[in-house]
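Colleague: Model the full structure from these sequences, guided by the hints.
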Amino acid sequence: MPAIKSIEDLKRLREEAQRVRDLKVQEGKTEIVISMGTVGIAAGARETLKAILNYIESEGLRNIIVRQVGNLGVEGQDPLVQITLPGAEKVLYGKVHPSFVSQLMKQHVCEGKPVADKVFKL
Amino acid sequence: MRELSLHILDIAENSLAAGATKVEVAVVEDTKRDQLSITIRDNGKGMSDDQVKRVLDPFVTSRSTRKVGLGLPLLKSAAEACDGNLTIESKPGKGTITKVCFQLSHIDRMPLGDLAETWLTLLLGSPEINWVLRYQVNEKKFFLDDSTIKQEIDDVSITEPRIIKIIRQMVRNGVEAVRQNNKEK
Numbered sequence: 005m006p007a008i009k010s011i012e013d014l015k016r017l018r019e020e021a022q023r024v025r026d027l028k029v030q031e032g033k034t035e036i037v038i039s040m041g042t043v044g045i046a047a048g049a050r051e052t053l054k055a056i057l058n059y060i061e062s063e064g065l066r067n068i069i070v071r072q073v074g075n076l077g078v079e080g081q082d083p084l085v086q087i088t089l090p091g092a093e094k095v096l097y098g099k100v101h102p103s104f105v106s107q108l109m110k111q112h113v114c115e116g117k118p119v120a121d122k123v124f125k126l
Numbered sequence: 002m003r004e005l006s007l008h009i010l011d012i013a014e015n016s017l018a019a020g021a022t023k024v025e026v027a028v029v030e031d032t033k034r035d036q037l038s039i040t041i042r043d044n045g046k047g048m049s050d051d052q053v054k055r056v057l058d059p060f061v062t063s064r065s066t067r068k069v070g071l072g073l074p075l076l077k078s079a080a081e082a083c084d085g086n087l088t089i090e091s092k093p094g095k096g097t098i099t100k101v102c103f104q105l106s107h108i109d110r111m112p113l114g115d116l117a118e119t120w121l122t123l124l125l126g127s128p129e130i131n132w133v134l135r136y137q138v139n140e141k142k143f144f145l146d147d148s149t150i151k152q153e154i155d156d157v158s159i160t161e162p163r164i165i166k167i168i169r170q171m172v173r174n175g176v177e178a179v180r181q182n183n184k185e186k
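Here the protein sequences come in this chain order: A and B. Taking this note's numbering, the leading residue of the first sequence gets 5, the next gets one more, and so forth. Taking this note's numbering, the leading residue of the second sequence gets 2, the next gets one more, and so forth.
Calculated from the structure, these hints are not laboratory results. Glycine included, each C-beta is placed from N, C-alpha and C at the ideal position. Where hints are given, some of them may not hold.
Just so you have them, the derived chain A footprint on chain B, three or more residues with Cβ under 8 Å [claimed, not checked]:
1. 7-19
2. 125-136
3. 148-156
If you want the footprint, here are the derived chain B segments under chain A, 3+ residues with CB under 8 Å [to be verified]:
4. 116-122
5. 160-166
Modeller: Here is the structure:
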């Protein structure tokens, strides 16, 4: 079955990847993990992930790894998001809906200050 | 879950939990046969016949092999209410094929929903998996094997902002072109 991705799309991808590689970024990476099990999906995790990716894209944030996992082991708090800054402890947030994503990304990911009153403690 | 795209995410998550490295998702709308089918094929560790029966039972969950909750039984029930069905073919060590069919025009069929966003979630949220995605409406199809994308970006993260933008456009345009083609007819 033929792939229908256009040559132009692939060319743009290649050029962009080359540009990123040329920057030779050496900093550590921030990891954002979102719980996407059945309950997480039903609670709106896809929209939360969409909001996170939109923020990364619109603000041009680099060196961020976004991962989906099945379950983060906490009941009743979905959508769950776990953020790990380079060299820092993991921080878990519960009930992260799209309306909270902008504040979370700005304060925790960009400024390095966890949103204390929203942190979920195990 | 009120849209089929979310169920696709849910089934795909089962494939990830089963240790799959390659997952194929096909969504096919056939207006002539009045059928909507969704097929998810993985190369994960698979299940025995007994385990397959159990994952379709809402009151029994075997979490030792796969994380399965109410997702599949509810989807099976929704399909059967729309003159469709859900089947699982699986063998230990051989992977799993989950197929669900609906009568396309059935009044109770839940909408397909935001398929492009579901695919972006899979592509960007689990980049270690080889995703092969197909959306087809009658003869018109959009096909994406992300191994080509990964080859192009090589060691660059798939969540780099500009890479996200290009992949988002690629997927959205592809899905929309198939939908648009159907509307024109």
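Colleague: Does each hint fit the structure? Answer for all of them.
Modeller: Hint check results:
no.	hint	in the structure
1	7-19	holds (count 6)
2	125-136	holds (count 4)
3	148-156	holds (count 6)
4	116-122	holds (count 4)
5	160-166	holds (count 7)
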